[in-house]
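The chain contents come next:
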Amino acid sequence: MTFRKKPFRLTLWQRRGLKAFIHIFALGYITWLFFAGVTDQLGPDPVNTLINETGTWAIHFLLLTLTLSPLAKWLPSPEPMHFRRMIGVYTFVYAFAHLFTYVFFELQLDMALVASELVSRPYIIVGMVALFLLFALTATSFKRIQRIMGRKWQKLHNSIYLILPLALLHFSWSQKTFWQEPVWYWMIGLILMSPRLKHWYVTYQKKSQKKSKD
Amino acid sequence: MPKPFKPSVKLNESHVTDESVYMNRRSLLKSMGFVGASTLLAKSAGAAGWFWEDEEEKAAFKGKALEFSQPPKFQIAETRTPEDKVTSYNNFYEFGTSKDAPAQNATEFQTNPWTLKIEGMVKNPIELDHDALTKRFPLEERIYRLRCVEAWSMVVPWIGFELGALLKQADPLMSAKYVAFETLYDPKQMPGQRSRFTGGGIDYPYVEGLRIDEAMHPLTLMSVGLYGKTLPPQNGAPVRLVVPWKYGFKSIKSIVRIRLTDKKPPTTWNRLAANEYGFYANVNPNVSHPRWSQASERRITTGGLLARNRIDTQIFNGYSEVAPLYKDMDLARYY
Numbered sequence: 001m002t003f004r005k006k007p008f009r010l011t012l013w014q015r016r017g018l019k020a021f022i023h024i025f026a027l028g029y030i031t032w033l034f035f036a037g038v039t040d041q042l043g044p045d046p047v048n049t050l051i052n053e054t055g056t057w058a059i060h061f062l063l064l065t066l067t068l069s070p071l072a073k074w075l076p077s078p079e080p081m082h083f084r085r086m087i088g089v090y091t092f093v094y095a096f097a098h099l100f101t102y103v104f105f106e107l108q109l110d111m112a113l114v115a116s117e118l119v120s121r122p123y124i125i126v127g128m129v130a131l132f133l134l135f136a137l138t139a140t141s142f143k144r145i146q147r148i149m150g151r152k153w154q155k156l157h158n159s160i161y162l163i164l165p166l167a168l169l170h171f172s173w174s175q176k177t178f179w180q181e182p183v184w185y186w187m188i189g190l191i192l193m194s195p196r197l198k199h200w201y202v203t204y205q206k207k208s209q210k211k212s213k214d
Numbered sequence: 001m002p003k004p005f006k007p008s009v010k011l012n013e014s015h016v017t018d019e020s021v022y023m024n025r026r027s028l029l030k031s032m033g034f035v036g037a038s039t040l041l042a043k044s045a046g047a048a049g050w051f052w053e054d055e056e057e058k059a060a061f062k063g064k065a066l067e068f069s070q071p072p073k074f075q076i077a078e079t080r081t082p083e084d085k086v087t088s089y090n091n092f093y094e095f096g097t098s099k100d101a102p103a104q105n106a107t108e109f110q111t112n113p114w115t116l117k118i119e120g121m122v123k124n125p126i127e128l129d130h131d132a133l134t135k136r137f138p139l140e141e142r143i144y145r146l147r148c149v150e151a152w153s154m155v156v157p158w159i160g161f162e163l164g165a166l167l168k169q170a171d172p173l174m175s176a177k178y179v180a181f182e183t184l185y186d187p188k189q190m191p192g193q194r195s196r197f198t199g200g201g202i203d204y205p206y207v208e209g210l211r212i213d214e215a216m217h218p219l220t221l222m223s224v225g226l227y228g229k230t231l232p233p234q235n236g237a238p239v240r241l242v243v244p245w246k247y248g249f250k251s252i253k254s255i256v257r258i259r260l261t262d263k264k265p266p267t268t269w270n271r272l273a274a275n276e277y278g279f280y281a282n283v284n285p286n287v288s289h290p291r292w293s294q295a296s297e298r299r300i301t302t303g304g305l306l307a308r309n310r311i312d313t314q315i316f317n318g319y320s321e322v323a324p325l326y327k328d329m330d331l332a333r334y335y
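Residue numbers (UniProt numbering), protein chains in the order written: chain L, 1 to 214; chain Y, 1 to 335.
Keep in mind that the hints were calculated from the coordinates and are not lab data.
There's no promise every hint is true.
[Claimed, not checked] Straight-line C-alpha distance at most 30 Å; calculated DSSO-like pairs for lysine-lysine:
| # | chain 1 | residue 1 | chain 2 | residue 2 |
| --- | --- | --- | --- | --- |
| 1 | L | K19 | L | K152 |
| 2 | Y | K264 | L | K176 |
| 3 | L | K176 | Y | K168 |
| 4 | L | K176 | Y | K123 |
Whenever a hint applies, use it, and build me the whole structure from the sequences.
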């Protein structure tokens, strides 16, 4: 089912304008966060605020990238796909700022502590795996690399479906109790994943039916 | 010849939406959409000004000035955490789980009238009303370090009286071994007790406990104020416990009942996750929380991101005079 029959298109300038807006928002917000943090305008504990904001906004961007392809199918329109790469890259930028804040301002470069925390705390390991995968996706996000990689590129970039549960698990696990903010993100994540899960299930069934016929 | 109609989607009985769901479709959508969207949009931490300026400023709490002495022993030299930080960065899940939620949601909290009961294994049960809390005992200002189990700390000038003085008046029986504390249970006033989403899924009322020798220790304070005035609601008005050598969650807020008992009482965080939070919860840099190290802490005073505020955590939060209470005890086992 689609929202309208004719594909929805943006003009070149509309697309550029929207992109500029996203750049200004994403870069502006993170710049402001660090500036306000350094000048002690981020509330009682600037480190805590910065960790929360960079982390939750990384997840907002992650959920947004996962909204784009269902949106493109539903509209229908090729337009959302033009925004997927930039929002994906900002997911990495915010997630990296999150780790940076943790290491530089929370642990304050106490390297022994950094080493022990990164290795021995499961929720941090989970977050690090998600960040590492995000880095791989960001590093291979150039058009040229995409062409060189061919079919392998799509395989690698399917790991976004692993990043989502890892990131949400990291979020939930970092809280003192389960019934907190992350619960809402799990729900939204599940809603975004449901058409894909259904699609995978159907293709899996078709495959196994074909096998049994052979 | 007209084409026979062929439906593009095959439907059968099991696809039919249940009538009750159909009739409630609007409220279902509303509860999913609105609640979800509003949490996404809600500001998540107490960031100042700029982006969230339109948020209405709640009337700041105006405490009543208290009369108190300042015993020099407790006027420590460490930099105090500014008052606005002490009163806006709180864990008080009854008013929401984020640090700024209690200051925002507790503004209307009614603490007068109030009754604090001391009961159980005592010869002389006591009831203190709102005024008695600040009048029955001479008040002292004590500047204590407060170490949160989340590895941050503050320095707070509390005002209060020793719990020991109160317990002595109640005259505990020889058989009393523990002291159990209970926070007010009033879902009408405390949104966290109404909804598990707001209250973090804790079983309320919040309960805490001490061994009787810990409760009688002269450092153990019943606090009724801070920074010279009565306690703001988010800090546990009208009366709270302060046990400075234990993690902050032991220092239970807005107490209505103190019960002396011969059995170790249940404690809220221990009940929720026994492997993470013990009954004793003594500050100890050598026993880490399963999810983070307790070897050091960040001291919240002033200064932005570049302030080097990570300091080593001291055993018993630096209150070594309590060490004899735990002589011959394996502190790694009884954490």
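Do the hints match the structure? See the list:
1. Distance check on the hinted pair: K19/L and K152/L sit about 28 Å apart at the alpha-carbon level, within 30 Å; holds.
2. Note on K264/Y and K176/L: the hinted pairing holds, with a Cα-Cα distance of about 24 Å set against a maximum of 30 Å.
3. Of the supplied pair hints, the one linking K176/L and K168/Y is violated, its CA atoms being roughly 36 Å apart against a limit of 30 Å.
4. Pair hint K176/L plus K123/Y does not hold up; C-alpha atoms about 39 Å apart against a cutoff of 30 Å.
Consistency with the previously given hints fails for numbers 3, 4, ordered from lowest to highest.
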